[in-house]
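Chains as they are written, first to last, in the working numbering: chain A, 1 to 394; chain B, 1 to 264.
Hint data in this document are derived by calculation from the structure and do not stem from the laboratory. Each residue gets a CB set at the ideal place from its N, CA and C atoms; glycine is no exception. Any given hint could be a false lead.
What the hints assert, rightly or not - The calculated label-pair distances, taken between Cβ atoms and stated as ranges, are: (1) A:Ile30 to B:Val117: 37 to 43 Å; (2) B:Pro144 to A:Gly377: 35 to 41 Å; (3) B:Val113 to A:Thr204: 16 to 22 Å; (4) B:Val113 to A:Ala380: 40 to 46 Å; (5) B:Ala46 to A:Glu197: 54 to 60 Å; (6) B:Val113 to A:Arg201: 20 to 26 Å.
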Amino acid sequence: MSFFKDAQKLFQENIREYGMYIAFFIIILIFSITTKGLFISSRNIGNLLNATSYIAVLAVGMTLVIVIRHIDLSVGFLAGFLGAIAAIALKFWLLPVYATIPLVLALGILAGLFTGFLVAQMRIPAFVATLAGWLGYRGALQLATEGTGTIIISDEIFNAIGNGFIPEIPGLDIFPGIHKLTLLLGIAAIILFIRGEIKSRRKTRSYNFEVLPMNMFMLKLVFVSALIGGITWVLAGYRGLSWAAVVILIVVSIYSFVTSKTVLGRHIYAVGGNPEAAQLSGISVKKITYVVFGSMGMLTALSGILYSSWLRSATTVAGTLFELDAIAAAFVGGVSVSGGVGKVTGSIIGALVMASLTNGMNLMGVGISSQYIVRAGVLAAAVIFDVATRKTVK
Amino acid sequence: MNPPEEATPVVEMRNIKKSFAAVQALRGVDLVLHHNEVLGLVGDNAAGKSTLMKVLSGAYVPDEGEILIEGERVHIANPWDARRLGIEMVYQDLALANNLDVSANVFMGREAVGTRVGPLSVLDGHHMELETQRLLDRLKIDIPSVRLKVERLSGGQRQAVAIARATAFNSKVTIMDEPTAALSVAAISKVLDLVRELKAQGASIIIISHRLEDIYQVSDRMVVLRQGRKVRDCAVEGDINEFREQVVAYIIGARDDFARKAAG
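Okay, chain A solo, but in the shape it has when bound:
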């Protein structure tokens, strides 16, 4: 019976993290049944990922902003505005796509640093500073698209970011209808994951620190491998991994690494946990605020690129309500309202949960008004869960 005891202990200690994954799994299960498998079909999942990407990258940046106890309301229209800049650069300035993307990302960082300046240097509450940004970038977006209306983007490479898929290995005829490169990448990911886990376990043990019991460790390996394998299999059944999904993977990998393994990440969470203590410990709260808002700006630019590429155009209302979707995704993903707590992987799951709800209910034919109410319930439930599990800790 030690297996169940171990499982129970592990679950209790990590209830906040696991709760979200379980909720996500249940949502997938419910929609798969109610839509008779349509939801889990390769084509739908592929489209779902593409349609989530621009919110997911925002949610990653928003996670860190909320962790350091701020908020950014300006990201929606900033994403729309920067998407319009990208379209204008491609269409009217005739910049090549390889110059357009760095330019837009750099503008995003500048915009983010400006918000950081208002918050860190001028000491304006982030809510107000970014509310001003919300108004300002909305105006800027309308100004940029005033003369032309919707700007159609015809650059194939640019449009591939939001719509394209990674290439197939040429000349391979086995498994027709299955995307081989995606499959290979999935297998590679599983091998790398297992190797990394075993290595880290061995290292931790060599320092005489506690590790997961063997049976739980095996369970974790099997579960995560099955998850990666399952997603890979579903994606490989349509057209494989999309470029948008690749972008999400890269962003999540980099941000997970920075937040959990580096001094910078540790300082971000220290500032979120107790800004005064961080400052007294020699951490510059100002610097961290600049870095976090700068990264938010860059990810906002990325979101704008993904969205305009996905639509193959820049519209006059692009980015409307993105900020609230990103904030909701972060909270559903376990970011704590009081600051200092929240992982970027959680926020990605949060974004996927919210997008799955919309997508699944659309497939079921649920009316848009009911959809909002269901999503409201999920958001409220997530925050109630967060607060309730926090209390039991004390």
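Given the structure of chain A, go ahead and fit chain B onto it with the hints provided.
Leaving out everything else, chain B in the frame of chain A:
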């Protein structure tokens, strides 16, 4: 018990004055802390205890006076200067990040770096955990795991972590601001044990406290402040009731050893 007078003190503060607008918080205070000494600092509210220690720890810059660390005149403009000189302060509100684990708190702002990836420094988590464990063992602090988040610790354990952090990096002086405030009786005795353990290991400590029993139990010497002036500086000895009566007389202003000096 008293170290020989000719030895250079760890800290010497001379004629420290500090005003806030019209209020004279410190009116020329002298304070000496010897090597391996526990000094109790007592006084009523607004007597200037915290202000004096904030001057030493760099939170305030004095209007007048000088500070000598091991005989050398120093200028302390901010908390980082003080830290570099080996002066660590344990704040009353603890200054811990509850969302981080014990080892992350001990190393906050001084994280051990393993490798570098471009502009990023990668944490050496194992090293920090090992060092933290070693530190807790050395100070006989009982915490189940260095990976526990601080929010899961009791008040006494948190205080122990805060004190351990202040002494972790070869500090010369540890200042504790009300280390036993808001703790249970059992936790108070543990914190006092920790202070004794630190002294046994050679630390020099200044303790601010309202609780005269605590001062009596762990201090070698004590200084009483009243209205921004030092009114008593003596060894801690004798019977506790006598001690308390005497100290209270100084705190409320019934007695004053330095009255003439202040007048002149």
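Status of the hints after comparison with the structure:
1. A:Ile30 to B:Val117: 37 to 43 Å: Holds: the Cβ-Cβ distance is about 41 Å, inside 37 to 43 Å.
2. B:Pro144 to A:Gly377: 35 to 41 Å: With a Cβ separation near 38 Å, proline 144 (chain B) and glycine 377 (chain A) satisfy 35 to 41 Å, so the hint holds.
3. B:Val113 to A:Thr204: 16 to 22 Å: This hint holds: roughly 19 Å between Cβ atoms.
4. B:Val113 to A:Ala380: 40 to 46 Å: holds (42 Å)
5. B:Ala46 to A:Glu197: 54 to 60 Å: holds (58 Å)
6. B:Val113 to A:Arg201: 20 to 26 Å: holds (23 Å)
Every hint, counting from the list given before, is met by this structure.
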